[in-house]
Amino acid sequence: MRDFYGVTLETPMMLGTARYPSPAVMEAAFTSSGASVATVSLRRERGAGQAFWDLVRSLGVHLLPNTAGCHSAREAITTAQMAREYFQTDWIKLEVIGNADTLQPDPFGLVEAAEVLCADGFKVFPYTTEDQVLAERLVDAGCRVLMPWGAPIGSGMGLNNIHGLRTLRAAFPDVAMVIDAGLGLPSHAAEAMELGFDAIMLNTAVAEADDPAAMARAFSLATQAGGLAAAAGPMGQRDMAVPSTPLIGKAWL
Amino acid sequence: MKIEVNGEEREITATDLAGVLAELGWGEARVATALNGTFVPAAARSGKQLSSHDRLEVLTAMQGG
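Protein chains in written order, with my numbering: chain V, 18 to 270; chain E, 33 to 97.
If you're looking for bench data, these hints aren't it; they were derived computationally from the structure.
Note that the Cβ used here is the ideal one computed from N, Cα and C, for glycine as well.
Each hint should be verified, as a subset may be incorrect.
Unchecked claim - Simulated coverage check for chain E against chain V, where a stretch passes if three residues somewhere in it have a Cβ under 8 angstroms from a Cβ of chain V: (1) 49-62; (2) 66-73; (3) 82-95.
Take these sequences, add in the hints, and give me the full structure.
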């Protein structure tokens, strides 16, 4: 697996910590998924922060703070600086949101923030689209990991633009890439891994399942299956049928 | 003086950030701070003077995706 700023992940799965019915359910989902990274955020202190900090530390996974909800580079940069101090990591999942309905990234603000944060020593994981030119700008800014969306956050639609994602994967063979956002079913995760992506990141599909722990396990297995398939070299597609049973030696009846 | 803390107006007597946090009950809490939109590292809170109508954000760990 490609490394993530020098770190080889134990499993190719990143799991969010939001929207679970209870902390215990969240913990069970992490255990059954075997996720190696947990995403977290910073919000105004209302008394529950310490308990949540203790809980996420007890998961024994890498923490990836996000800048969710930030709509400008300035806001995202300040949030990243606060997160680095709080979570004691220079990893940051950089989100600069450009549209409130689709939650798609603002590409201009994203590049601006990535340039500042990379220069300041952050290990930036930018939430981006499948746009290849934008990816190039992010790599130029110093990003060594990209997190292209599959579909809008929380939509559960899966991979909306497979052609674009395949092109993006091929264009940056040395950059670690995580499909972030929009995955709804384990088959979406398998598909992402089959395309050659290095990991998946999900939250809502697990947290809002009737049985989050079971769904987390299903995603974990699908992710493993997709990764194995990618490494095994999938066959090419054809337009016409090709018989798998040899015609030579067939009886004349 | 009156300042805004996490979006709410508060009356405080302390004049530096470390003092304000202690006065608000966050003296020992694990928090990250920003004053008027600019990050203030924990090590710089003592001696960081506040002015009337300043906007203070006091953040902590929260669930995230």
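Those earlier numbered hints the structure runs against, lowest number first: none
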